[in-house]
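With the sequences and hints as input, model every part of the structure.
These protein sequences, in sequence, are chains A and B. Position 185 (the first sequence) corresponds to 185 in the numbering used here; numbering is contiguous. Count along the second sequence from 1, add 230, and you get the number used in the numbering used here.
You can trust all of the hints, since none of them are fake.
Below, computed lysine-lysine pairings styled on BS3-like, alpha-carbon distance capped at 27 Å: (1) B:LYS371 / B:LYS427; (2) A:LYS92 / B:LYS471; (3) A:LYS218 / A:LYS68; (4) A:LYS195 / A:LYS128; (5) A:LYS92 / A:LYS57; (6) A:LYS218 / B:LYS471.
Hints are computed from structural coordinates only; laboratory data are not their basis. Just so you know, these numbers come straight off a predicted model, no measurement behind them.
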Amino acid sequence: MTMNPTHTDREYEADLHSLRERLLLMGGLVEEMIRDALKAAIDRDADLARAVIERDKQVNRSEVEVDKLCLRILALRQPAASDLRFVTFALKVVTDVERIGDLAVNVAQRASELAADPPLPLPPEISKMSEVVQVMLHQALDAFVRSDAEAAEAVAQRDDEVDALYRQLFDRELALMRSDPAAVDRAARQLFLAKHLERLADHVQNVAEMVIFMARGKDVRHPHSREAED
Amino acid sequence: MSASRPKLTVASLTAGFGENAAIRDISLELHANAVTAIIGPSGCGKSTLLRCLNRMHELGAGAWVKGGVRLDGDDLYGAPVDPVQVRRRIGMVFQRPNPFPSLSIFENVASGLKLSGMPRKDLEALVQSSLEQAALWDEVKDRLHRSALALSGGQQQRLCIARALAVDPQVLLMDEPASALDPIATARIEELIHELKRRLTVVVVTHNMQQAARISSHTAFLYMGELVEYDRTEVLFTNPKVRRTEDYVTGKFG
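Structure, rendered in structure tokens:
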């Protein structure tokens, strides 16, 4: 969505601007949560994990605010064209961002449990997954800011990479559990942690696909389940 | 754009007054039994385009028209065509309700019919059916011979629609038909437009974009006398192809 030229009605312009800012703030917040949750896992830092869990309240409050603002704009302004796509985008995307926050909380919970256990080195797939997921989220938010459908497409495609890493890790953890029954607890927690990251990437993919819709007005979701369109 | 046959075909239509062209080189096909909305800022030429469709534009001083309009394939601007006949086939309703002030409700509706010398009984039946089609019958059936001016604004507008329908037109042109009415009267007119499209083709000029979105299947956006975009209404209001349309429907026009 291009911000130029601006709306003749300045209050309307301000409402749309504020919606955009809130979404971005919320996105920035969950980005930090993921980063810190993974840092907590790597550094075995239970305090940091707790701080992440605490921050989720802020994300939940933002979700309610964004919903409220969207409803107000829909009711009072009757947005059209790219404005309409933006407001409906915001309504949907806010749910994904909130879920990303929840998953960051889940990662932090696993990190907190792992911190209490005897140390077990984090497998390289987890580091790689966390790196990719963070980049994906950052780029998805960036694509949103610039309304850049191409960048969003690139983000959506990276989900496959995360899925492949997860499968690879799954096999590795299974092998570890077989060879060292004493590590089963910890390996299972690591596997859960990786599963959270894999789900996280799915939500980022949703966000990216909706950015494409917002920018181009073309729905790219579920290409195989769609009936022929005109 | 659509499989349905065009009722009206506008081909390279240019029209204006004196040295000024109000619309330039407009071509579009209007679908039968559908409502087409024409939107655009003041002075964009939407009323001129509407008036060219039934040859009313040429009644203005210094008015001229180039290009063509076809109704079911018949050239409305052809040499042997009587413009009065065109206006019977393509009726018009205006922004301000304009019933004949000295005539009764009945006489207003019958005003276009009397000229054709119809028996009284047939005339009464036709007036009733026209008022029914205009969703006004139940409100006026007990006072048909009172002055039309005793009606409310919304009723007067429906009376004008009944008057236009009485001569059995194939197309109804409406120039801002609800802009002088309150929201309830507006909703009645919009509901009526939905009904009317079953029997005829409707073209509505409106300033109100939400109204265009509510009532029409296709929308044409005019700007400075040119047709900028013409598409299904849903497309035009959710994903227009032209930047100017986007700016207009989102309210970004300076």
